[in-house]
Amino acid sequence: MRFHFLPVFFVLVFLVSISGLAQPKFVCGTSDHNLPDSVLRLMSLPPETLMKARAGVGSQYVCRLALEIDSDTYLTYEKDTNRLKEALLKQIASVSAVYEREINTRLVVVLININKDPAKDPYAGENNIYILSNRFNDVWSKSVNAVPYDKRLYVYTKSLTGGAVGLGGGKQAIAYLGKFIIAHELGHTFDSPHTHSCNWAGGPLDFCVNSEGDCYKESLDQTAGTIMGYCGTLDTFHPRCQAIMLNHADKNLPKRTRPDSPPILPATITLAGSPFLMWAAAPMADNYTVELATDPSFGEIALRDTVDINGVRLDRLVTERSYYLRIRALSLLGNSDWSATSRLQFDPLNPVGPRLISPAQDTRFFDDAQPPIRLSLEPVAGATGYEVELTTPTDVNFTSPFSRQMVSTPFLDVTGVQGNNLIFWRVRASTRRGKTAWSTTGRFLVRQALALNLPGPVNGVLPTRFPINCSAQTAGSTIRLTLSKQASFGSVVWTREYKGNYYQYVSMLDSLSPASTYYLKLEEILNGPHPASSSTTGMINQVVQSFRTAAASLSDRWSFINGHTVKGYPTGGYTNGAMFSDKGAWVRHSASLLRIDADSLLAYQYERALTGGQLGNVISGVSTDRDGNVLVTNSISTGGNAANPTDQLVVLDGRYGRILTRFPIISDRSVRYQNPNRQIIISNRIIYELKNGKVTALMNVPTNASVEEVVLQSNYCWIRTTNYTSSRNELIRIALDTRVVSVFSQENTPLLTQYLNELAVDQTGQLWIRQSSTNYPLIQFDGANWTGLTAASLPFYTASSLTTDRAGVVHVLSNNNVIYRYASATWQKVVDLNPSFNMVTVLGRMQIDNQGKFWFTSRFGLMCYDPCLAMTTPRISTSLPVVNYGESIVLQADGCVSANWSWTDSQGNSAERLVAGTNQLTAVPQYNTTYRVRCQNEGCASKASSPVEVAVRPVLMLKGLQKRTFCPREAVLATYSLRGAATDAFRLTIKNDEQRLTLMPDNRDSTLTAYLPESVTAGVYWVSLESVQPVIKAIDSVRITVHALPVARLSSDKAAVVPGDSIQISVALTGAAPWQFNRWDRQMTRTSETPYVTTIKAIRDSTYRLTVSGLSDANCTGGIVSNVLTISSLILATESPAPDGLSVYPNPATGQLTIEGDAVTGIRLLRLIDGQGREVNRQQPASQSKREIWDVSTLPTGLYILQISLSNGQQSLWKINKQ
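FYI, in the UniProt record's numbering the residues of the sequence shown are 1 to 1219.
Honestly, the hints are just simulated from the structure, not real lab data.
Just so we're clear, the structure is a prediction, and the values are computed from it rather than from any experiment.
Beta carbons are placed, not taken as given, at the ideal position from N, Cα and C, and that holds for glycine.
Treat the hints with care, as some may be off.
[Unchecked claim] Quick list of in silico lysine-lysine cross-link-like pairs, DSS-like style, CA-CA up to 30 angstroms: (1) Lys-120 / Lys-90; (2) Lys-79 / Lys-120; (3) Lys-1054 / Lys-1186; (4) Lys-171 / Lys-142; (5) Lys-1033 / Lys-959; (6) Lys-1186 / Lys-1215; (7) Lys-485 / Lys-521; (8) Lys-991 / Lys-1033; (9) Lys-1054 / Lys-1097; (10) Lys-1054 / Lys-1215; (11) Lys-142 / Lys-217.
[To be verified] Simulated restraints on C-beta separations: (12) Arg-964 / Gln-1029: 53 to 59 angstroms; (13) Pro-118 / Arg-343: 32 to 38 angstroms; (14) Thr-161 / Ala-475: 46 to 52 angstroms; (15) Ala-807 / Asn-775: 25 to 31 angstroms; (16) Thr-749 / Leu-450: 34 to 40 angstroms.
Please model the complete structure; the sequences and the hints are all you need to start from.
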């Protein structure tokens, strides 16, 4: 049967194409829909329950691996089988170290199957990973494998299609030859899903990429992650993944025991090419002892070694002779016997590579004045030259070495080594017969001076306080900084350590002695083995720099914003830029979005966890709008398997940082810019227009260009791009109304040069361009004409940075470290930075905040220079601290000439206003409002005043009622108007001198509805209105009249009636005539007389119950009917005898009652029942009597029922009127 999919299917998706053996970056596009129920059950367990699975781990598990190698990889290793096997065993050993530490499982390679002939290779010519997976399964399912294994792994090195670099699940996996990918894919075969799966109890464990499933659609967060996730950097499995993998190992893998037999060796071994020997593994071995001797009795040992893998490198042997070999498997549980002795010799036609002499492995070259590093090797007889390759840890298989040289001598002097500080090198010799095998790989470490950066020249003069930047070569290592006044570091001023998963750290040197020499040392120390070399540990870099402090202290106008000076600011990571609002700086940092308060200089982080997923650290753009809000674009998860994330736009209140709104915008995850008016969103490739929450593409950026910067000029959008074809910058102008696109460059605009560096738009709407030119460093464009500002017309030679302040005034940081502004058509000097900070090259991009401070963003974090003189902090006084709604107030900023006011009301509305030439502000607040003010002078601002709150009393008006006369139980509808802040709960008060009612009405569309209770008495009342919170009384009230409800009472002239008699019915009515009601016979009656009188005739033998309904009078409906009239029907004694021959008399009766039957039928039982259905007496004759006399004189007056039971079973009922 053809194999299509594994039981659990996992895919690693390309981010970049694989061009060689350097391990590629990837994301893993895994579908967890096919996870076994047993795995889903474990994932759904609470973490504390799942963790219990790890507590009882005992003996180590053993996982036997079978490796499949295609002919492409065989050719990549130049058909050197031994070198290929060595690379595979060492790579699996590095993965095994992780599995042993994390899930107590040792990985042992028991078989390597190499397809050497492309013509017979089932994988040759195929690059689709899914097809390769099927073929891998087909081949191994049909072939008979003599060696038992637990997992099989197809390891490849060629470029694949299908968008994946790995597949794993069930018993097999496919992985690129790299530690992390192999560890990840084998993890899937141990049942582990991804850490971003929705099936975990509580949801995903990390949020670097889309969740697998629709459980999470909030912000993504790039953090340090584990092997089964996409975040990377941590060489470990998540504890909950470990628990699942341990469960798999316990159920499917054998535990370690004593090796049951010695390793098996062939009688004769001939090594060709690389001198690496592999033998059949003893799966239960901890390691092996290898002995080679020159005699069969092993009296003369040539090599004795203990190795952790089932292979050993033999380049220390003399290749011209043969040896005797034996191997023994070692274990803490016991050792095996020695293997049978094998005869070992080297193939003279495929000579081994040269033997490296120096430097020794992991030699450190950390001296400041490092002489050339000599790489030396033993000469190879007959060699005509040597090929030497050097590479970095990202290319341990030498696919793309940064240096490849042919030398004629057995040594090479290396200088100026760049790249990573850990260097790998190898050599092979050229002879008349051809090339030898490659040597073993050597390693040495070199000093990376750029890991320590000071904001000044090396050994130069620096201030007494300044930031420094240091970088790590390996994430997760420890950076140790040591400061001393002695070159020997015998006496230490301080030592600091940074340990995290960052590559960059910013530290701070402060309180230094003036005019003193200092020495600063950086050491990078691994906290475990090097990711690219398990043998490399300890210190991997050391840099020492000296500097001398200036005699004068650094001006207090300088502030440095980093993890040492600002609480809440991350120590590690990158500062990628900043935007400014009235309240301070908004910093785009690799750890999170940060808000730096302008006055307190405290940092507030907007982390994914702290914002409930609303905002993460995968941020592509930060800007501000004209309302002072901050706009942030960041990536969010869209859910689903291997789906692309999208970006969202988050709008935050620029003063207090509250998230106001957010919504998804585009799906290409590369937002670069959004303009201040929220109209333009630009990615690397597409320019969008945002209107009414919808995104429309305006145009595509050419595929050979990238967006560098965007500014808005009136109705035009200007985009500075880099054209890779022409190697120059170009300006794209888009007319937002007509969508006309124009392109400007040095090709069609002579004043423009090849490199355009920055754009700005001034207060007049004129475009400014800073470019690399000694003739025209600045260019202006007014929409029609281009103007070049020559260096001769400027007070500086070139410009280092270009920006505008909040008023649109152009400012330039010149090449001579002076800041100028262009005002009134002249250049004015703002400040000379030279006296305090002499290295403008470290400042980076310049920006100006709303207080006139200059901010610089660079690898040293944020640096701020305040050019403003010390200004008095103002105090606010107000004419009225409490006002009615609609009243105006005058606020005064005592101590200011010009003032910048800002305010926020209780509804969250905020605004600001710059009032020039006066310190007063006239305002008409609508709600309780808090005011602050800063003094403003020539772009400088003071600190903010203390806040002053003005309370606004709302104004409530009762506009009217639907009418002025009412009845009890009737709805009262009141309309009102409210100006100011109050809740929508109100009270209606209805009162007069005798009664006071408080009603809580319903409120809908400014109309209040309440119902008068039935208990309200008739009279004249006043209706008033007040709000509940706060209590505000309406200034008007309304006079109403309440009428009493009409009442009807029925009576008759008879309490009982004989059928055929007439009855007079009377209805007494109260209220105002006329009255209207429905009679008992459903006849609508209208009368102006009370009582209403009518006569009815009894036509049946039954009781009458009479009432009226729907009573109303001239004022009110819903009147009250006070009673139901009951009239009984009588059966008199003069009635004819009953059909059964019975007679009862007299009726009405006062004393005795006679009951007579006929001559045949006797009387069996007599019962007397009152009007309530209760038996009041009974009489049973001694024999079946024909005549009975019953004394009823003692009974109360009223109607009774006489029940007569006869001897023939019949019954008869009589109405008896007792008088």
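Hints violated by the structure (listed by number, smallest first) | 3, 11, 12, 14
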